[in-house]
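Heads up: the protein sequence lines correspond to chains A and B, in order.
Residues 1 to 289 in my numbering are what the first sequence spells out, letter by letter.
Residues 1001 to 1163 in my numbering are what the second sequence spells out, letter by letter.
Quick caveat, the hints were computed from the structure, so don't treat them as lab data.
Being a predicted model, the structure only gives us computed values, none of them experimental.
Please note that a few of the clues may not be correct.
As the list claims (entries may be wrong) - Stretches of chain B that chain A covers, calculated by requiring three or more beta carbons in the stretch to come under 8 Å of a beta carbon on chain A: (1) 1037-1046; (2) 1055-1064; (3) 1084-1097; (4) 1126-1136.
Said to hold, decoys possible - Within a straight-line C-alpha distance of at most 30 Å, the following computed DSBU-like cross-link-like pairs (lysine-lysine) qualify: (5) A:Lys136 - A:Lys248; (6) B:Lys1007 - A:Lys14; (7) B:Lys1007 - A:Lys99; (8) A:Lys14 - B:Lys1003; (9) B:Lys1125 - B:Lys1159; (10) B:Lys1057 - A:Lys9; (11) A:Lys27 - A:Lys14; (12) A:Lys27 - B:Lys1159; (13) B:Lys1057 - A:Lys14; (14) B:Lys1125 - A:Lys89; (15) A:Lys9 - B:Lys1003; (16) B:Lys1022 - A:Lys27.
Where is the CB? At the ideal position from N, CA and C, for every residue including glycine.
What follows is each chain in one-letter form.
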Amino acid sequence: MIHDFHYLKPDSLKTALAMYAEHEDCKVICGGQSLLIVMRQGMVAPEYLLDIKHIHELSYISFDNQKGLRIGATTTHREIEQSPLIQEKYPVLAAMENKLASIQTRNWGTIGGNLAHADPAGDPAPVLIALKASIKVGSIKGERVMPLDEFFVDYFETAMEHGELILEVQVPPPAPKTGVAYQKFNLLDSDMGIVAVAASVTLDRDGKCKDTRVVLGNAGPTPLRMKNIESLLIGKKLNEKLFEEAGKISSTESQPVADIHASEEHRRHLLGVLTRRMLKQACDIAQKG
Amino acid sequence: MEKYLLKLTVNGQEYEVYINPKTLLVEVIRDYLGFTGTKRGCETVSCGACTVTVNGKSVKSCSILAMQVDGMEIVTSEGLEKNGKLSPIQKAFLDHGAFQCGFCTSGMLMSATAFLDELNGRIPKKHEIKEAIEGNLCRCTGYNSIVRAIEAVAQGEYKEERQ
């Protein structure tokens, strides 16, 4: 049963930020594909609900060779999935969206809402962090941009303060000789991942690893960026043995929680396997690029 | 709790209703307007029985606040029939026996309709059809006949239906 609330429907971003600042016990709804579930369970019961779904000034996808990709917060998953621009420049992002929940959910759910919900099992965050994305948030006091891996603080908690909304996701232009791969392990194609791994690899002119990121999904309170894998791989010529070692780091340094879908042990095993596979896949793409 | 005015178009007809803002779209469609073709199933965005189209796109009406579709056009399974004639996809479902208990049917029809509209005449691959109904569960597991029905329409077998 959803508790009663006062409904606020601002017609512009400016009004939305003013309303948000004004009301203390206020929750923001965009697509609401996750929020309404927890509201129905009574876990979230705000006095005010601020609806930003129809703020079109936050719905856009743009690309610039210098600045890279900009996705407005109220852009739907389906718009990202079907964007020819994203399919061409960031195929891993389009492929991830294609496996995010169902078409119906992608038609209504938004990228900003997904990130703000901060479910560690969410699909976009690991891929975006592997792509070195940043996030722009704003309030009536002003805007700030932070790296996406610093945005997630704990289970369902972000670094945003009260009054701040997500405005935009920013992804740098695709680097040369770079591959990015993402896979989640699940039993139904459109489910959330039991665990997920995103990996990026950039090679230098000699074919050595210039840069890499491995980000684990649903393996702890937040998406986990495995910095120890970065220090293991950077500067080295990548091979199967190193991928194996990286997988071990994911298995041991992650913090997965057992539930009805899989035990902790099983999740650690899967994280190791997927880390190895995604690094290999990213490396193969980088070699071709 | 104060009531809010919601204006929306359902199956071509304009409506104005006064609702508590926590009212879900499926509740307005079923309880306020009486279109009970749209079903309430899991109510957790999983089963797809409540699928309708909003401005041509399929959505799950159990997990959308009705206030969010203010001014928009909604089509339910009742809206597929025109001038007493079934739509091609409805006819194809009949011909292929694409249901057993029927509970998922209205949602399946709406997902299929949005998918076929989006194709705009392009003939889809079989896996695309399966993906198009991935958000709809059929607990009788009658998926094959549903896929065959959608495939038949996509391949133009029911072109003459709407004369």
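> How about the region 1126-1136 of chain B: do at least three of its residues have a C-beta closer than 8 Å to a C-beta of chain A?
Replying inline: holds (count 5)
>> For Lys27 (chain A) and Lys14 (chain A), compute the direct alpha-carbon distance and say whether it is at most 30 Å.
In response: Since the Cα atoms of Lys27 (chain A) and Lys14 (chain A) sit roughly 17 Å apart, the hinted pair holds (cutoff 30 Å).
> Can the restraint linking Lys1125 (chain B) and Lys1159 (chain B) be considered satisfied, given a maximum Cα separation of 30 Å?
Replying inline: 19 Å, holds
> Does the alpha-carbon distance linking Lys1057 (chain B) and Lys14 (chain A) stay inside the 30 Å limit?
Replying inline: 28 Å, holds
>> For Lys1007 (chain B) and Lys14 (chain A), compute the direct alpha-carbon distance and say whether it is at most 30 Å.
In response: 25 Å, holds
> Are Lys1057 (chain B) and Lys9 (chain A) close enough, with their CA atoms no more than 30 Å apart?
Replying inline: 22 Å, holds
> Does the alpha-carbon distance linking Lys27 (chain A) and Lys1159 (chain B) stay inside the 30 Å limit?
Replying inline: 48 Å, violated
> Taking 30 Å as the top limit, are the C-alpha atoms of Lys1125 (chain B) and Lys89 (chain A) close enough?
Replying inline: 25 Å, holds
> Do three or more residues from the region 1055-1064 of chain B put their C-beta atoms closer than 8 Å to C-beta atoms of chain A?
Replying inline: holds (count 6)
> With a Cβ-Cβ cutoff of 8 Å, does the region 1084-1097 of chain B contain at least three residues near chain A?
Replying inline: violated (count 0)
>> Please verify whether Lys9 (chain A) and Lys1003 (chain B) have alpha carbons no more than 30 Å apart.
In response: Holds - the C-alpha atoms of Lys1003 (chain B) and Lys9 (chain A) are around 14 Å apart, at most 30 Å.
> Counting residues of the region 1037-1046 of chain B with a beta carbon closer than 8 Å to any beta carbon of chain A, are there 3 or more?
Replying inline: Answer holds; 3 residues pass the 8 Å Cβ test.
The structure fails hints 3, 5, 7, 12 (numbered hints given earlier, in ascending order).
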